[in-house]
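Working from the sequences, and respecting the hints, build out all of it.
Taken in sequence, the protein lines are chains A and B. Residues in the first sequence are numbered from -18 upward in steps of one, following our numbering. Residues in the second sequence are numbered from 16 upward in steps of one, following our numbering.
Read the hints as simulated data drawn from the structure, not as lab findings. Be careful, since some hints might not be right.
Unchecked claim - Computed footprint of chain A on chain B; a stretch qualifies when at least three of its residues, placed anywhere within it, have a C-beta under 8 Å from a C-beta of chain A: (1) 206 to 217; (2) 227 to 239; (3) 272 to 280.
What the hints assert, rightly or not - With the C-beta cut set under 8 Å, the calculated list includes, among others, these residues of chain A facing chain B: (4) D167; (5) V220; (6) P240; (7) R245; (8) L254.
As the structure is a computational prediction, the values presented were derived from the model and not from experiment. Idealized CB from N, CA, C, for every residue including glycine.
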Amino acid sequence: MTQPVLTVNNLQVTYFTEAGRVRALDGVNLTLNPGEKLGLVGESGSGKSTMALAMMRMIKPPGRIEGGSVVVDGVDLTKLNDEEMREARLSRISYIPQGAMNSLNPVMRIGAQMRDAIKAHKLAPDADDIEKRINAALVSVDLKPTVAKMYPHELSGGMKQRVCIAIGILLHPKLIIADEPTSALDVVTQRQVMQTLDSVQKQLGAAIILIGHDMGLMAQFVDKVAVMYTGRLMELSTVQDMFTNPQHPYAVALIKSLPNLNQRGVFHGIPGLAPALLRLPPGCSFHPRCPIAQDICKAQVPPLEAKTPTRFVACHLVEKIKNEK
Amino acid sequence: MAPLIELRNVSKVYSKGLIARASTVALDNLSLSLDADKPTIMTVAGESGSGKTTLAMLLLGFIEPSSGQIYYQGKDITKLSPVERTQFRKEVQAVFQDPFAVFNPFYPVDHLLSVPIDKFKLADSKAKARNLMEEALNGVGLRAEDVLGRFPHQLSGGQRQRINVARALLLKPKLIVADEPVSMVDASLRATILESLRKLNKEYGISIIYITHDLTTAFHVANSIVVLYRGGVMEAGDIETVIKSPQHPYTRLLIDSIPWPDLDRRWGGDQMPIKEIEGALMGTGCKFASRCPFVMEKCKNLPAHFRLNQHQTASCFLHDQHPMLDVEKLTEVLPM
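Right under this line is the structure:
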């Protein structure tokens, strides 16, 4: 049996705001094997980005990781000291943030920015080796090595985004977290960036977590999908199961809301709004919008349970629905 | 048929630099019109830099065309009298991309609705103004008591964008120019906004120009589509025909790159390779030639529009066996 590259166990993040404690991540469990691609979907405010930041240990006050562990490649990141964590970033776990292309320094050449990343990790002592790594990283994202001599403004949005991917994979991390890497790009560039990410992932054998709300992108890219809602995982299944036979009522509504080529002009929005994290309803946080909610849903938080070896659903009623059919 | 709005050979060129003038053709010789009697939803699609937003600005009268004219109900919009201008401003409304930026965070959202009421003197009493606001909000599926009196930060992006649509509706416009109205809204809330737009078209008889790069949503709301690339029309026609059977290489690339939420329809199934844009636009040939996998010698000349069938036209030499269509008559292929 392969060793999982990532094990997240009961991860909890709380923001201490003036209005009270906000639980942004409420006991999330996750495992990921090498080479697997996981999609993390949810509405804005569902905790997707908090999850990524928590795994990178980049949650800023007033937020704090309150409990749980993040084990990447056998090392528990939550137990490292700050210096060890700094070294782990980019070499074990790397993060491509939303709008990464705007994070490039406009007055530094691309090569110099990449050199910084390698030097900070003291992994390649001599200059030749550094250059080789930079060239290899640029080539693997389909850019010419001459891009290293350019400034960010000389590149298009898609090229800048691919530079960010190149920086992300410089030190061959075991896990890449990409937070909406294509949200500002048009469809053709989006496909190009995602295909680059795909080929890079295959070369490195790394696992990827793709965060986003575009289910279409998920269908095209990932192997497994995790649906988040109010800081909790609602369902975790393979992409086939998720699209053909979603179980959790929220996942069902999400799949139903997708545009479809066969029924033109038919919309299925999800009625209601996601609750504010400060005032979560008791029990299952989805029950006010759930079409099949029962009394038990208002009283108890449903745990994420394995319904089959590859499917995890957090709903009191899922077993029942199956039996009725 | 009397056109509601008509563009005649409209071009827009942006130039910069005092000594070495560099110019960018944002929109190149576009002729289009919308029928006043048959309200429709027309999509203008294209990637960033295709001239979509320039077109929106021109239609709204924010910028003037470099050449060509835009007529609103038969009158050139750059030569309107002050009274006509106010009328134009009232009847042509906009919904913009960012539902966050249009609100002033210091005022409750009522402000966005009450300003146009004051400005256009739509109501002579507070009660009447309130009624108008409620009516407009109901029109987009919001309840007045849920949103009025609240501050922008207390509402979701989807609610805010629907208030923007309600503001446009308040003025009983004849045309709404919606520039990427759903691209910054969560996917699960998009459906409600698109539904409001369709309702405005069907129930209130408002024509809508829906500007987007997202062809999946366009497919669901629009009747016709115009695909722009670097300021030129590549393909146009009935939305169902164009999306299901695209003929121009650019449209094929665009549609092939849509991540359909469908496991049976994989990305890149059409085998359209993606090529980088190399350098700035040169010469007078086909604008897509530098990225086109089917590029030929004759692509150095500008292709005319070839009419493939009643409701589809493509500007590409691959289809030159079909009859040519005059650029000015592009509207003929667009179903109303």
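We went through each hint and held it up to the structure:
{"no.": "1", "hint": "206 to 217", "verdict": "holds (count 5)"}
{"no.": "2", "hint": "227 to 239", "verdict": "holds (count 8)"}
{"no.": "3", "hint": "272 to 280", "verdict": "holds (count 8)"}
{"no.": "4", "hint": "D167", "verdict": "holds (4 Å)"}
{"no.": "5", "hint": "V220", "verdict": "holds (7 Å)"}
{"no.": "6", "hint": "P240", "verdict": "holds (5 Å)"}
{"no.": "7", "hint": "R245", "verdict": "holds (6 Å)"}
{"no.": "8", "hint": "L254", "verdict": "holds (6 Å)"}
Comparing the model with each earlier hint shows no violations; every hint is respected.
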